[in-house]
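Residue numbers (this note's numbering), protein chains in the order written: chain A, 3 to 243; chain B, -6 to 721.
Careful: at least some of the hints might be erroneous.
Which chain A residues stay away from chain B? Per the calculated CB distances, all over 10 Å, these [claimed, not checked]:
1) Phe10
2) Ala40
3) Phe58
4) Leu171
5) Ile219
6) Gly223
Some chain A residues judged to face chain B by a derived CB distance under 10 Å, without partners named [as the list claims (entries may be wrong)]:
7) Gly37
8) Thr41
9) Gly51
10) Phe108
11) Ala141
12) Leu143
13) Gly146
14) Gly150
15) Gln169
16) Gly173
It should be emphasised that the hints constitute simulated quantities derived from the structure, not laboratory data.
Beta carbons are placed, not taken as given, at the ideal position from N, Cα and C, and that holds for glycine.
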Amino acid sequence: MTYYLVVFAAGFAGSFHCIGMCGGFACGLGRDPRGRAATALRHLLYNSGRLTTYCFLGALAGALGQVICTSHGTTFALLGGSVDAIERVLASVAGLLMIAMALQFFGLLHAFHPLTVSFGSSTFAKSLRSLLTTRNRAAPLAFGVVNGFLPCPLVYAFAAEAASTFQALPGLLTMAAFGLGTFPAMLMTGGVGRLLAPALRQRGVWVAGSCILLLGIITLGRGVLPFSAHMAHGLLGGHPA
Amino acid sequence: MTTSGGALCRHCLLPVGPRALQQTINGENCAFCCYGCSIAFQVKSGKTEEWEAAWLLIRLGIGGFLSMNIMLFSLLIYGGVFTGADARVLPVIDILLLILATPAVIILGGPFLRETLVEGARGRLTSSALIVLGVGAAYSYSVVAVFEKNAQVYFDTATMVLMLFTLGRYLEAAGRARAARDLEPLLAAERENVRVVREDGTESLCPVRQVQTGTLVRVRPGERIAVDGVIVEGASHTDEAVITGESRPVEKSLGSAVIAGSVNMEGPLLIRSSGSGTATRWAQICRSVRDALIRRSPIHRLADQVVAVAVPGVLALGALTVIYWAQWLPLDRAMLMGVAVLVVACPCAVGLAAPLATSLCIGRLARHGCLVRDAGTLESLARMRLLAFDKTGTLTLGKARLVGIETDDAATSEALAMAAGLERHSEHSLGQAVVKAAAEQSIKAALARDVRTIPGRGITGQIGGAAAAAGSLALMRDLNFTIAPALAECGRRAEANGYSVIYVGWAAQTRALISLDDTPIAGARFTIDALRARGIRAIVLTGDLAPAAHRVAAALGIEDVRAGLAPEAKRIALGRYNRSRHKVAMVGDGLNDGPGLAEADVGIAVGTATDLARETAAVVLPVGGLWLLPWIIDCARAAGTTVRANLLWAFGYNLVALTLALFGLLQPIIAAAVMAGSSILVVLNSLRLERLPDPTSWQRAEDQRAGAENISRDARFSVALGAAIEQG
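Only chain A is shown next, with the shape it has when bound in the complex (with noise of 0.2 Å):
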């Protein structure tokens, strides 16, 4: 459960990063001139389209790991205790994606940075743009949606996570946890986006480096450390798989 917790706060301290990206499209949405209740609706409706996307891809990426060591003919490494090589290889390679995306938070590395703008994003921008002030009731769902797959390397670092587990249902549980725990900010940021001052976001941004690169270095750990992969687990809870 820690591990999730861990992932939570992770999401939370990331939000104020999605205040500056994605909560631009958030104040967008606006008030409902329904009232206060269709306002919340709405809001609701797109942080769900968000959630859902998301645990669609940590479910993927899970069950693309189980795919890729139950095709090598390994039981499962968290079930039999026994850590396959193939594991080991992908667990050091999701880790070390995390700590990529941690440095690029910390502003010490700009590899990532031209996969923010490629083809994929000017052509959601452009679906985004049209959808945004929709009077529809369903737009902002189907914004979310699409919101979800936007490049970010946060998504990324989770994805990259949630993989590593191996399993399709912890990878959706990360990517919920994940998702949920951006839920708090990106719900208020109708009202207080602005409130908040650049500082805050800021020392925001570099939290939520801090929680991903433990992350990165804890799954990075269970595949080069002998033994390893059991005190990760019993330090942070372990996957209730």
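Knowing the structure of chain A, use the given hints to seat chain B on it.
Here is chain B on its own, set in the frame of chain A:
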């Protein structure tokens, strides 16, 4: 040409083909070549107050939401989460999946089903039918399974296949629109709206084809001028690069003529149209480019035929797969394999392989002023190994230039001064060449009085009190000027060799003869060399005298020359080459090249060509654009390579994936992802054509050779045109 066969897709500018998708968007009737283009167009052009575009996206977003939820649960089921004690919740989850999947299938599958039904009513099977059938099978089986409560459900397959195909088509269309960027300003002429000012001062938008002579049109700064006409109010600069190749802004004020297709740069203008909106040169270019896009090349036709027979074949193959595997496996597994076969064999990428690369290439060429009349021409150009040139007006300027002065006893400079003094008053092109040569050599023309032109003979006058004359030998005889035998012999030889000769005499004696010749155009030598480097043999076919032809050919490094050919003889000479297996092209400019241009596999007209030559030719170069030839060949060859690579890729990919699917090694969802990926890869491979170097680099290389001092006009032209297209 029928409207459905001759239309271009509103979004990607590829021909819509027989399976056009007609839609009314914002009150305008639009044709699309596929579902993806219809989505992409609405996303791109949709404004927030227009609800169709947003509604489409909402539907897709909700479809995505539903199918992702279905996929989530399915992944958990496959991951073995609901085993053991949790297995009793499975029926509940199945019902939940049914509830989620039904709207998703309706939302996402609707357009595919509609296309299948519309085409089915016309007796045609399209690739949509494969998707509809595959998804339909997976969905209906799963619905039955939910109520049977004992079997596996495949709602994830049904919805994810639809989602992936929709996404794939959208991304593909977005990429195709990028390929059409070059064509946009050229094709805009047909759907441009103009702001017409009525007599009572009111303004209204109306299509350019409704513009008549005398219509008043207002053009705001930054807008494209859609009509030929005269400015009646306002002043501005215009950018005419798309039409004339002039890269510098042209100053326009009250009374100036403006041409359609140019861009009004800074001031608002009121223009009185001088002709109907469909008669402009811009509209002509537009029609020509559109026709080129619509005509299918042989390889494209082949691909289309393959696609036409592929769909029924794949249906049969899918049925056989199910029947075969059903003997050994449970029905649901066999059905899944059949679905995978249907989905993976969808020949979307094959149909896209040829037209995309071709239209990209045609657009690229058109942007540099080279009009290609049909797609097959590009294929012929790529395989062309022999290029026949006309001489006068194609390889040469068609203008005389002084090449030598022979004198009896007088100084050369004196003879030139005398001749220039007389010829200053002449309008004959040979005379102009003499005056120009004198000016170039800084020789001051002698002062002549009582100048008289004698038609067909030359010109006479008084210089320094004595009679002087410049002209033919007959003129010298008329004036009883004596001529030294050596000089006369020299003149005879020069004339026999094809030079134009002007005799110059004064003080009762013929003292000099000036020989003039046609000059090769700048860059012709470079062009021939560049063509040779590409393995293309250049020959000259000319109606001119052999010596003159040989002289030009030698200067340009061409060895094979046929001189003194009548137009018909040119055609026959070309026909002889045609029999070998490589393609033959002919470059010409005049009336006498018409038969040759028609006989060659590819007729190429230079920019200064007569209307007849331009009509006959399959490729029209811009004015002064002979140097573009090697670049055009490069483009055509690159396009050919790309088309072949695309086809190889698309077919190969389909075959490998199909084999895997037949043996049951491919999940339908993976198959759908593979198929969407293959179309996108074909698009990306074709977009590589964008990276071909611009022809400016040729010009630059030539400039370096010639040590030219400033950037050439053509280089500026293409740069400005590029800029104009970016803005437009």
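Would the hint on A:Leu143 stand, with a C-beta cut-off of 10 Å toward chain B? 6 Å, holds
A:Leu171 clear of chain B by more than 10 Å, beta carbon to beta carbon? 5 Å, violated
Is the interface hint for A:Gly146 satisfied, with its Cβ closer than 10 Å to some Cβ of chain B? A:Gly146 check passes; min Cβ-Cβ to chain B is 8 Å, inside 10 Å.
Status of the A:Gln169 interface restraint (C-beta, 10 Å, chain B): This hint holds: A:Gln169 lies near chain B, its Cβ roughly 6 Å from the closest one there, short of 10 Å.
Interface hint for A:Gly37, Cβ within 10 Å of any Cβ on chain B: 22 Å, violated
Closest C-beta approach of A:Phe108 to chain B relative to 10 Å, hint status: 32 Å, violated
Would the hint on A:Gly51 stand, with a C-beta cut-off of 10 Å toward chain B? 6 Å, holds
Measuring from the C-beta of A:Gly173 to each C-beta in chain B, is the shortest one below 10 Å? 8 Å, holds
Any Cβ of chain B at or closer than 10 Å to A:Phe58, or is the non-interface label fine? 4 Å, violated
Identify whether the interface hint at A:Gly150 stands, where standing means a beta carbon of chain B within less than 10 Å of its own. Nearest chain B Cβ about 9 Å off; hint holds.
Status of the hint placing A:Ala141 at chain B (closest C-beta pair under 10 Å): Where the cut-off is 10 Å and the nearest Cβ of chain B is about 5 Å from A:Ala141, the hint holds.
Reported absence of A:Phe10 from the contact zone with chain B (all CB gaps over 10 Å): 19 Å, holds
Of the hints listed earlier, those the structure fails to meet are numbers 3, 4, 7, 8, 10, in rising order.
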